[in-house]
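J.: Generate coordinates for the entire structure from the input sequences, incorporating the hints supplied.
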Amino acid sequence: MRLEIIQKLSEIVGKDNLYTELEDLYCYTYDASFVKADFKKDLAGVAVYPSNTEEVAQIIKLANQEMIPVVPRGAGTNVSGGTISVGDCIILVLKRMNKILEIDGKNLIAVVEPGVITGQLQSEVERIGLFYPPDPASQAFSTMGGNVAECAGGPRGVKYGVTRDYVIGLEAVLPTGEVINTGGRTIKNVTGYDMTKLFTGSEGTLCVITKIIVKLIPLPEAKSTMMAVFSEIVQACETVSEIIATGLVPCSLELLDNIYIRNIEEYAKVGLPTEAGAVLLIEVDGDSEILAKQIGKIEKICSQLGAVQIRVAKTKEEAEELWRARRSAFAAVSRLRPTIIGEDATVPRSSIPAAVNRIQEIAAKYNIIVAVLGHAGDGNLHATILTDETDQEEMARVEKAIDEIFIATVELGGSLSGEHGIGRAKSKFITIQTGEVGLEVQRQIKQALDPNNILNPGVMFGA
Amino acid sequence: MDSSLESWQKEVIRCIRCGACQNVCPVFKELQAESTVARGRVKLIRGVISKDLDLTDGFIDKMSLCLMCKACVVNCPSGVKVDKLVEAARKEIAKKKGLSPLKMLIFRLVLKNRWVFNAGMRTGRIFQGLVFRKGSNGQGMLPRMSLGIDKRRLLSPLAQKPFKSMYPEVVKVPEATMRIAFFTGCMINYIYTDTGRAVINVLNQNGVEVVIPSLQNCCGTPVRINGDYETAKTMAKANIDVFLKEKVDAVVVACGTCGLSLKEEYAELLKDDPNYVEKAKKLGSMVKDFTELVVSLEGFEGKMGRLPVKVTYHDPCHLIRGLKVKEQPRQIIRSIPGVIFEEMTKADTCCGSGGSFSLYHYELSTKINDHKVESVHKTGAEILATGCSACRMHIEDGLNRQGNPVKVMHTAQLLEMAYQAGANPSPVKHDKGKGRKNLE
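Protein sequences, first through last, are from chains U and H.
Quick note: the first sequence uses this note's numbering, first residue 1, plus one each step.
Quick note: the second sequence uses this note's numbering, first residue 464, plus one each step.
The hints are simulated quantities; they were obtained by calculation from the structure and are not laboratory data.
Any given hint could be a false lead.
Said to hold, decoys possible - Derived Cβ-Cβ restraints for the label pairs, each shown as a range: (1) U:Ile180 <-> H:Lys841: 35 to 45 Å; (2) U:Asn452 <-> H:Gln472: 54 to 64 Å; (3) U:Lys400 <-> H:Ser748: 25 to 35 Å; (4) U:Glu178 <-> H:Asp515: 17 to 27 Å; (5) H:Leu760 <-> U:Glu275: 40 to 50 Å; (6) U:Leu198 <-> H:Lys787: 46 to 56 Å; (7) U:Ile187 <-> H:Asp520: 38 to 48 Å; (8) U:Ser51 <-> H:Lys841: 44 to 54 Å; (9) H:Asp515 <-> U:Lys400: 53 to 63 Å.
Only a predicted model underlies this, so the values are computations on that prediction, with no experimental measurement involved.
Beta carbons are placed, not taken as given, at the ideal position from N, Cα and C, and that holds for glycine.
T.: Okay, structure coming up:
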């Protein structure tokens with residue numbers, strides 16, 4: 001990066017909020033994805049931490065003028081390679097813009113800066129009986145800006161939807177440096193194109209989000225949790241489809257396969273039968289009077305479809321114990337192999353049994369370990385590949401298997417990515433789903449807003 | 464602990480870069496730069512192993528910016544041992560680049576050699592008035608001139624006499640039911656002798672005979688975590704020999720850091736030494752924190768009088784995440800009649816001391832400490848109990864900077880006060896808001 005650019009950036013954000021040392025920049029060559037930046041080629045030129053919209057706008061204006069790529073970044077917890085450095089770029093970290101500006105209990109909305117931690121917003125609104133449901137696994141440390149840019153989901157998606165369903169307005173800096181306000185504070189709003197929804201999930205390619213207005217809902221009064229154990233995974237998958245088809249809407253409906261069960265039991269000793277084919281963890285929420293009835297109906301479906309064991313938590317502590325199994329899942333399998341690649345192919349819910357079947361066939365074909373743990377209730381299966389990145393021969397097989405899983409997912413009418421995003425990890429596959437026309441339209445939108453292709457180049461559309 | 468940094472390859476690739484460490488790293492909370500959080504440190508170490516990076520000054524600086532508080536380790540979904548990785552990197556730095564001259568002098572000459580340490584500390588006590596002045600509440604002392612450490616840094620004065628010279632080697636009790644050896648650690652021996660005294664008084668009153676082996680040394684942790692393994696090994700072996708000679712039921716510590724080194728880290732450090740590794744394990748199996756031992760003593764609550772004070776508790780990193788001692792001190796505090804125990808928020812977050820971290824990164828360590836002081840203040844407690852002398856000194860420093868009169872002490876001292884109140888039932892005068900004065 002040219003010294004004069006660094007000088008100008010330093011004038012904008014202050015010298016304490018700018019990093020140019022090799023060791024600092026090296027730490028922006030990764031995020032939580034499996035995408036590897038080429039250190040020699042992709043090291044950023046500078047990382048800046050602006051504190052307000054005005055500073056962001058000045059940085060973007062400068063970058064656009066000088067045609068310097070900009071990679072916006074929150075906590076860097078995305079798993080699609082959306083925030084890693086690309087060549088001599090500016091890493092634009094929004095973590096200092098971390099204020100909850102407003103929680104409006106009368107209009108059920110909150111206004112936040114992009115650096116606010118998702119979990120922090122959630123606990124603040126819950127204190128006054130309100131609820132912001134999107135719950136990505138990283139919610140305790142991911143930022144709201146990142147969640148909006150990636151349109152993050154989570155287990156509650158089955159009942160409450162994803163980030164997109166809550167964002168009603170944005171302030172953002174466009175790639176040319178102008179500030180745009182989209183949507184607003186109203187629930188209904190059809191003035192012009194829905195730019196809010198376009199920007200949500202745009203993965204930092206169309207704008208830098210500087211302020212977010214989200215709608216909130218009342219916090220459900222109570223929850224009830226149960227676990228059902230099946231000897232065959234296909235029975236569990238059919239149960240999921242049946243629960244959904246019956247019109248029941250749990251707030252979480254999580255599936256764990258045998259690989260997860262065995263490892264969780266070995267690691268956390270929660271009393272799972274290790275010979276079981278699959279476990280479903282089901283939670284319903286709402287007014288306390290209706291919970292028992294809902295759980296009763298779900299219990300009946302589970303038994304009809306062959307559940308060999310059903311546990312309904314009687315106390316909060318028991319529910320906590322059931323969730324402990326789910327929460328320790330990741331840690332448990334990470335002890336099996338050193339490298340874990342989490343995929344997030346998503347299929348229509350009636351196709352879950354077929355999708356699980358296809359994933360298992362592909363794993364067998366390439367002789368690799370693929371465990372399945374999914375937000376099965378919304379068709380979002382997380383095929384987890386357990387491997388060792390230092391074993392190049394195995395990694396080659398893993399890559400082929402991942403390619404096949406993507407193709408199988410789309411064939412089943414599903415989506416390449418349910419909630420992780422395309423980023424750099426899946427950009428070469430995007431046309432399998434969008435088609436050539438679909439991709440071309442998206443390219444034109446990008447071109448219209450970002451004529452110099454400075455914002456997160458390479459993400460979504462490939463290099 | 465294998466000799467080369469390369470041998471840690473298998474550990475570094477287990478980091479999946481999920482970022483969960485961002486939520487708990489006290490250093491990252493202040494600095495926010497990716498290179499200052501656990502996954503950044505792991506990535507940098509990986510970079511050195513893969514030869515992307517060298518042992519540059521930048522790298523050395525990043526490795527020094529770790530408190531070794533283990534918060535990331537217990538919160539890591541993959542269980543990556545980040546503290547061990549940072550230690551391995553520091554060891555590599557010490558090996559290839561050498562220690563700084565000051566550290567070299569302290570580690571190799573002073574800490575390693577008990578007599579030099581003793582002599583230095585005795586001389587230090589006489590001259591400390593020349594270079595330090597009293598803190599604002601009459602507590603502690605502040606440097607009068609620049610010593611390479613911040614002038615605002617409140618250090619506690621050295622004791623009149625080292626703790627070990629105040630007691631016989633065996634402190635006997637009539638009809639002892641148990642005999643233990645007390646590993647004092649440096650801070651209790653040279654600075655906080657009041658903690659050592661409390662440990663002995665409390666144990667004696669419970670019929671426990673206390674042996675204080677005079678040949679014990681510094682545990683070696685400050686040396687090891689800064690990368691000087693050879694010195695650390697010599698110190699470990701010396702302590703192992705000294706303590707295994709005693710015929711005792713347990714080895715008691717009143718400091719989580721010393722405790723963890725004796726209990727687990729000696730065995731890791733000496734794993735390639737077939738002669739000593741078994742001895743290290745044997746010593747490890749005997750180690751107990753003071754509070755662990757106390758709660759196992761029948762009737763320890765029976766001797767307490769009333770202490771009408773509000774108390775909060777700070778979890779030292781190496782006590783809670785190292786020795787896994789969490790409930791025992793709380794159980795002791797709660798069992799004291801009259802005490803109102805108020806849990807602070809984030810009681811288990813590092814106070815920012817990190818041993819020599821607070822001397823080299825004082826400004827940062829102060830910012831981290833401010834959160835702790837704020838949490839203490841919010842409880843309205845008059846006494847902060849804790850289980851580590853370094854935490855005690857650092858939090859006292861923080862309270863001093865903010866003019867906060869909360870009194871900081873080891874859990875053993877609070878218990879000693881309760882026993883004293885039991886022995887002399889004259890009511891402890893108590894005046895709200897001036898708690899500290901009345902307690903002295």
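J.: Now, for every hint given, state plainly whether the structure supports it.
T.: How the hints compare with the structure:
At roughly 41 Å, the beta carbons of U:Ile180 and H:Lys841 sit within the given window of 35 to 45 Å. In this structure the hint that U:Asn452 and H:Gln472 lie 54 to 64 Å apart at CB is violated, the actual value being about 41 Å. Distance hint check for U:Lys400 and H:Ser748: the Cβ-Cβ separation is about 50 Å, which falls outside the suggested range of 25 to 35 Å. With their beta carbons about 39 Å apart, U:Glu178 and H:Asp515 fall outside the hinted range of 17 to 27 Å.
Look at H:Leu760 against U:Glu275: about 46 Å separates their beta carbons, and that is inside 40 to 50 Å. In this structure the hint that U:Leu198 and H:Lys787 lie 46 to 56 Å apart at CB holds, the actual value being about 51 Å. As the Cβ distance of U:Ile187 to H:Asp520 is approximately 56 Å, the hint placing it in 38 to 48 Å is violated. Hint check: U:Ser51 to H:Lys841, Cβ distance near 27 Å, so the stated range 44 to 54 Å is violated.
At about 28 Å, the CB distance of H:Asp515 to U:Lys400 disagrees with the hint of 53 to 63 Å.
Hint violations for this structure: numbers 2, 3, 4, 7, 8 and 9, all remaining hints satisfied.
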